[in-house]
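K.L.:
Order-wise, the sequence lines are chains W and D. Going by my numbering, the first sequence opens with residue 1, and the numbers climb by one from there. Going by my numbering, the second sequence opens with residue 1, and the numbers climb by one from there.
Incorrect hints may appear among the rest.
Claimed, not checked - Residues on chain D that point at chain W, a partial pick, calculated with CB under 8 angstroms:
(1) F28
(2) R29
(3) E31
(4) F103
Claimed, not checked - Straight line, CA to CA, 20 angstroms or less: simulated EDC-like cross-link-like pairs of lysine to aspartate or glutamate:
(5) D:K113 to W:E217
(6) D:K52 to D:D21
(7) W:K34 to D:E20
(8) D:K66 to D:D98
(9) D:K66 to D:E20
(10) W:K34 to W:E94
Hints are computed from structural coordinates only; laboratory data are not their basis. The beta-carbon is built from N, C-alpha and C at its ideal position, and this holds for glycine as well.
So the chains spell out like this:
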Amino acid sequence: MRLVAYAGVVFLAGTLLLIVVLVARRSFLRRQAKVRGELVERLRPVAIAFVDSQEPEPAPELHGRESEVFAELLGRYARNLRGAAWGRIAAYFEETGGVDEQLGRLQSRRAWRRATAAFTLGDMCARRVVPELVAALDDRVRDVRMAAARSLGRLGAVEAIEPLIASTISGGVPRDVGGLALLDLGPPGVPRLVELSSSTEPAIRSGAIELIGLLGEAGNAEPLLDHLRDPAAGVRTASATALGRLGAGEARDALVRALDDRVPDVRAAAARALGQTGGQRAADALLPVARSDVFEPARAAAQALARIDPRRVVEAAVEPDAGPHLREAADLVSL
Amino acid sequence: MSGAASAREQPLVLAADDDEDILDLVAFRLERSGYTVLVARDGEEALKLAAKELPDLAVLDVMMPKVDGFEVTRRLRADEATSRMPIILLTARSQDADVQQGFDAGADDYLRKPFSPDELRARVQAILGRR
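Isolated chain D (complex conformation):
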C-alpha cells in the first residue's frame, strides 16, 4: 500500500460504471460502510483517477465505454503504482469464461449483476481486511 493510501483515515474505493443507478447504489453502500468513494463513468476516467488518487481498492464494471473493465485491470496491473491495488469486477455476464478472463487480467474477485449490496460490502471488507 502506498504512503498516500496508508495516511488516509478512511479507505478510498474507486467505483467505475457507466450506469448511474449502479454507481449510486455502490457508492451509497460503501460510504455507509465507512469508505470514501470516488466514481468514474468510463474506463478512461477510472484509469486517470486511479493513477492520481491511488485508491485502496477498485470496483470496476466489465462493460464500460472507452476502455472495458478487463483492459482497465490489465493497465492497472502493468503500472507499478497501481499494480497491487485490489480489483473487484462487476459483470453482467453469466459465463465462467468471462469470470476466468477477469482473473486472467488480474482481478482479485468478481461480483455478478444484479448484485447484493451486502455481498459487495462483505467482499470489499474481506479484501481490504486481508491487507
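So that you can see chain W by itself, here it is in the shape it has in the complex:
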C-alpha cells in the first residue's frame, strides 16, 4: 500500500516536472522568436543597403545572433537577385568564411547537417562549390541530394546539367525538384542541352530535349527536327512537344509527317505541337487524324484544329463521319 502511494507521489512529481520543463521551453522558444523577429526588422534595411549599395561597401560589424540573422537575410535576398548585388553577397560569404564553414558541414556524418549545408551553399552565391554539390547528388540520403540539386540550380551551374539530368532520370532526386533546378539554369544551359540531346541514352536525350523546349527559343528548333525520327518513341514524343513549345514554324512539315508515326503518343504530341505552330497545312493534316485516329491522337488533333481554325472544326463536326472528338471540340468552341 505504501509502495503504491510512493509510486503515485513519484509519478505526480514527474508529471509536474515535465509540465514545468515544457512551459519553460515554450517560453524560451517564444522569447527567442521574438528576439529574432526584432533582429530581422532591424537588420533588414542594413542588409538591403549592403546588397544594393552603389559603391562596394565594407560589411557591417556584427556579432553572434546579429551576424547569423544578417547572413540569413542575405541568403534570402540572393534568391531574388542577380548582377552586382549577387556578387556582393558572394563576396560577403567568402570574406566571412561562411562558404568554407558550410563546405566543412557538407562532409558531416549527420545527414541533416549535410542537407542544411547543401541548401545554404546555394544561397551563398559561391560558384566554386559546384563540384562539391555535384558530388552531393550521389549522397546516400535523399534530402541531401535534393538540397544539392536545388542549390546547383540556384547557382546557375550550367556545367552540372548532365549530372542533374542523370539524377532526375534515375530518381536520385524527385522529378519536380530536379526539373525546377534545371529550369533555374535558364537559357544559358541550352547549348549544353543540345549536346546532350545526342546522348546514347534515350532517357538523357528525351530529358534534354524536353528542357530545350522549356528553356530555348524558336532558333533552337533546328537540332530537334532529326529527333522526330529517333529510334526511341519517348524521344520522338519529347521532340514534338518541344517543337510545339518553341512555336517553330519550320518544323511544321516534319510534325505533319509525325502524324503518321506508328506510336499513338508521338502522333498525339505532334498534333498538339501543330496546334501551337499553326498554319493551313497543319489544319489540313489534322482534320483526318481528328476524324479517324485512336482516342489520344484524335482528341489532340481535334483540339489543335480548334485552336488553329475554330470555324473549320464547327463545320466538320456536323458531317456524318466527324467522330466524337471533332464534335467535342466544336462544343468547346461554341462555349
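Here the structure of chain W is known, so what remains is to put chain D in place on it, guided by the hints.
P.N.:
For chain D alone, coordinates are given in the frame of chain W:
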C-alpha cells in the same frame, strides 16, 4: 499623364508582389533612384492603389494572389484613367510564351526574376524618360 501625376515632384511607382523580400528590394532601389514607391501585396490591392493614386508606372509580379499580373495589366488597360500607365512585369517564368502573354495583356516591358536592381532602375528610367 494625368494632372495628379504631372503635379508630383517625384514620379510615383506602384510595386506589387506577394514576396516581401522582392518588394523591399524593388522599393529600396527605386526610392534611392528618386521615385516615390507605393507597395501592394496582391493584385487586388494593386488595382485599388492604381485607381486611387494613378501612379506614373507600375512594376507588377506575374504570380500574385487574388488577381495575377496579367489580369491586373488587362484591367488597368481597360480603365480609361490607367490605360496609358506604363507597366513592367516581373516574371519568374522562363518561357517566351509567358513574356508574349504579358505583352498581349498590354505590358510595356518585362523583367525576369532573379532580377538585377540596376536593370530595373534602367528600365524604369527608360520608360519614364520616354514620356
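K.L.:
Measuring from the C-beta of R29 (chain D) to each C-beta in chain W, is the shortest one below 8 angstroms?
P.N.:
Check passed: Cβ of R29 (chain D) comes within 6 angstroms of chain W, closer than 8 angstroms.
K.L.:
For the pair supplied as a hint, K34 (chain W) and E20 (chain D), confirm whether the alpha-carbon distance does not exceed 20 angstroms.
P.N.:
Distance of about 19 angstroms is within 20 angstroms: holds.
K.L.:
Any CB of chain W closer than 8 angstroms to the CB of F28 (chain D)?
P.N.:
holds (5 angstroms)
K.L.:
Hinted pair, alpha-carbon criterion (20 angstroms max): K52 (chain D), D21 (chain D). Please report holds or violated.
P.N.:
violated (25 angstroms)
K.L.:
Can the restraint linking K113 (chain D) and E217 (chain W) be considered satisfied, given a maximum Cα separation of 20 angstroms?
P.N.:
holds (18 angstroms)
K.L.:
Does the nearest C-beta of chain W fall within a distance shorter than 8 angstroms of the C-beta of E31 (chain D)?
P.N.:
violated (11 angstroms)
K.L.:
With a cut-off of 20 angstroms on the C-alpha distance, tell me whether K34 (chain W) and E94 (chain W) pass.
P.N.:
violated (30 angstroms)
K.L.:
Compare the distance between the alpha carbons of K66 (chain D) and D98 (chain D) with 20 angstroms, and conclude whether the hinted pair is satisfied.
P.N.:
holds (19 angstroms)
K.L.:
Min Cβ distance, F103 (chain D) to chain W: is it shorter than 8 angstroms?
P.N.:
violated (14 angstroms)
K.L.:
Quick one, are K66 (chain D) and E20 (chain D) close enough, alpha carbons at most 20 angstroms?
P.N.:
Between K66 (chain D) and E20 (chain D) the Cα gap is close to 16 angstroms, so the pair holds against 20 angstroms.
When each numbered hint is compared with the structure, violations occur for hints 3, 4, 6 and 10.
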